[in-house]
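Novice: Listed here are the chains, written in short residue letters.
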Amino acid sequence: AQSVTQLDSQVPVFEEAPVELRCNYSSSVSVYLFWYVQYPNQGLQLLLKYLSGSTLVESINGFEAEFNKSQTSFHLRKPSVHISDTAEYFCAIILNNAGNMLTFGGGTRLMVKP
Amino acid sequence: EAQVTQNPRYLITVTGKKLTVTCSQNMNHEYMSWYRQDPGLGLRQIYYSMNVEVTDKGDVPEGYKVSRKEKRNFPLILESPSPNQTSLYFCASSSGLRSNQPQHFGDGTRLSIL
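Order-wise, the sequence lines are chains H and Z. Numbered as in our numbering, the first sequence ends at 114 without a single skipped number. Numbered as in our numbering, the second sequence ends at 114 without a single skipped number.
Among the hints, a few may not be true.
Over the 10 angstroms line for every Cβ pair with chain Z, so calculated as not near, a few chain H residues [as the list claims (entries may be wrong)]:
| id | residue |
| --- | --- |
| 1 | 19 |
| 2 | 25 |
| 3 | 60 |
| 4 | 69 |
| 5 | 71 |
| 6 | 82 |
| 7 | 101 |
| 8 | 105 |
| 9 | 106 |
Only some residues are given here: those of chain H computed to face chain Z with a beta carbon under 10 angstroms [stated by the list, open to error]:
| id | residue |
| --- | --- |
| 10 | 36 |
| 11 | 45 |
| 12 | 111 |
Label-pair ranges, simulated between beta-carbon atoms [said to hold, decoys possible]:
| id | chain 1 | residue 1 | chain 2 | residue 2 | range |
| --- | --- | --- | --- | --- | --- |
| 13 | Z | 17 | H | 52 | 25 to 33 angstroms |
| 14 | Z | 69 | H | 111 | 41 to 49 angstroms |
| 15 | Z | 83 | H | 61 | 35 to 43 angstroms |
Just so you know, the hints here were simulated from the structure itself, not pulled from any lab data. No residue lacks a Cβ here, since even glycine has one placed at the ideal position from N, Cα and C.
Model the full structure from these sequences, guided by the hints.
Specialist: Have a look at this one:
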């Protein structure tokens with residue numbers, strides 16, 4: 001069965017510092033990968049996704065993630081965070097052979113401090 | 001405005017008292033799903049539906065029922081709720097996870113089963 005591991009449950013960081021949120025997955029078949037963000041008391045919003053093509057994907061608010069097939073990773077990065085980036089971030093995968101079931105990681109709470 | 005609407009947003013009830021959480025989307029999406037979110041576990045899929053009258057189990061279906069009689073609605077039914085179903089629930093819809101369209105999430109329903 002497939003699984004997603006987010007190694008850090010919480011990541012505290014100062015404003016304007018760079019950040020990396022780690023995501024590793026396990027699957028016997030190839031996958032599509034997603035990052036979702038959840039702001040307090042809200043549902044999840046898609047941040048970015050990798051379906052095919054370039055392994056580096058970017059979001060409109062400065063986040064990027066790189067798919068590394070050999071390391072089965074899809075880490076999320078931002079070179080300079082803002083207070084407004086404080087949220088919980090979820091990595092998720094879907095198997096590309098069949099089905100429509102997203103498997104989520106346990107989430108990483110990003111806490112940006114002034 | 002494109003949205004997924006869940007009701008109620010909060011509910012406190014007692015063990016064994018049947019309850020229904022409604023979910024409605026206005027985007028004519030074929031795919032809908034229900035998740036529960038628990039600390040450290042991320043989101044786990046309960047049930048999903050590929051289209052009207054087509055539903056399937058996710059990772060944690062025990063104790064839940066769903067129905068998809070109309071395209072826009074996908075209610076979650078707890079026939080005999082128990083305390084271990086205390087959780088934060090999210091409904092989501094999309095035109096297909098492999099497409100370029102994102103999955104839209106509702107704002108969540110927090111259930112407390114006493």
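Novice: So, for every hint listed, does it hold in this structure?
Specialist: Each hint tested on the structure:
With a closest Cβ-Cβ approach of about 19 angstroms to chain Z, residue 19 (chain H) is found to remain outside the 10 angstroms limit, as its non-interface label requires. For residue 25 (chain H), the requirement that its beta carbon stay farther than 10 angstroms from each beta carbon of chain Z is met, with the minimum near 12 angstroms. At the 10 angstroms boundary, the C-beta of residue 60 (chain H) stays outside the reach of chain Z, the nearest C-beta of that chain being 12 angstroms off. Chain Z leaves residue 69 (chain H) outside its interface by the beta-carbon criterion, the shortest separation being 18 angstroms against a cut-off of 10 angstroms.
Residue 71 (chain H), annotated as away from the interface, keeps every beta carbon of chain Z farther than 10 angstroms; the closest lies near 21 angstroms. With a cut of 10 angstroms on Cβ distances, residue 82 (chain H) stays outside the contact zone with chain Z, its closest approach being about 22 angstroms. Once the 10 angstroms rule is applied to beta carbons, residue 101 (chain H) is inconsistent with being away from chain Z; the minimum gap is 5 angstroms. The beta carbon of residue 105 (chain H) sits about 5 angstroms from the closest Cβ of chain Z, which is not more than 10 angstroms, so the claim that it is off the interface is violated.
At the 10 angstroms boundary, the C-beta of residue 106 (chain H) falls inside the reach of chain Z, the nearest C-beta of that chain being 5 angstroms off. With a least beta-carbon distance of about 8 angstroms to chain Z, the hint placing residue 36 (chain H) at the interface is held under the 10 angstroms criterion. Because the smallest distance between the Cβ of residue 45 (chain H) and any Cβ of chain Z comes to about 7 angstroms, under 10 angstroms, the interface hint for this residue holds. For residue 111 (chain H), the interface hint is violated, since its Cβ never comes within 10 angstroms of a Cβ in chain Z; the closest pair sits about 16 angstroms apart.
Range check, residue 17 (chain Z) to residue 52 (chain H): about 48 angstroms between beta-carbon atoms, so the 25 to 33 angstroms window is missed. Our hint of 41 to 49 angstroms for residue 69 (chain Z) and residue 111 (chain H) holds, since their Cβ atoms are close to 43 angstroms apart. At roughly 39 angstroms, the beta-carbon separation of residue 83 (chain Z) and residue 61 (chain H) lies within the given 35 to 43 angstroms, and the hint holds.
Of the numbered hints stated above, those contradicted by the structure are hints 7, 8, 9, 12 and 13, listed in ascending order.
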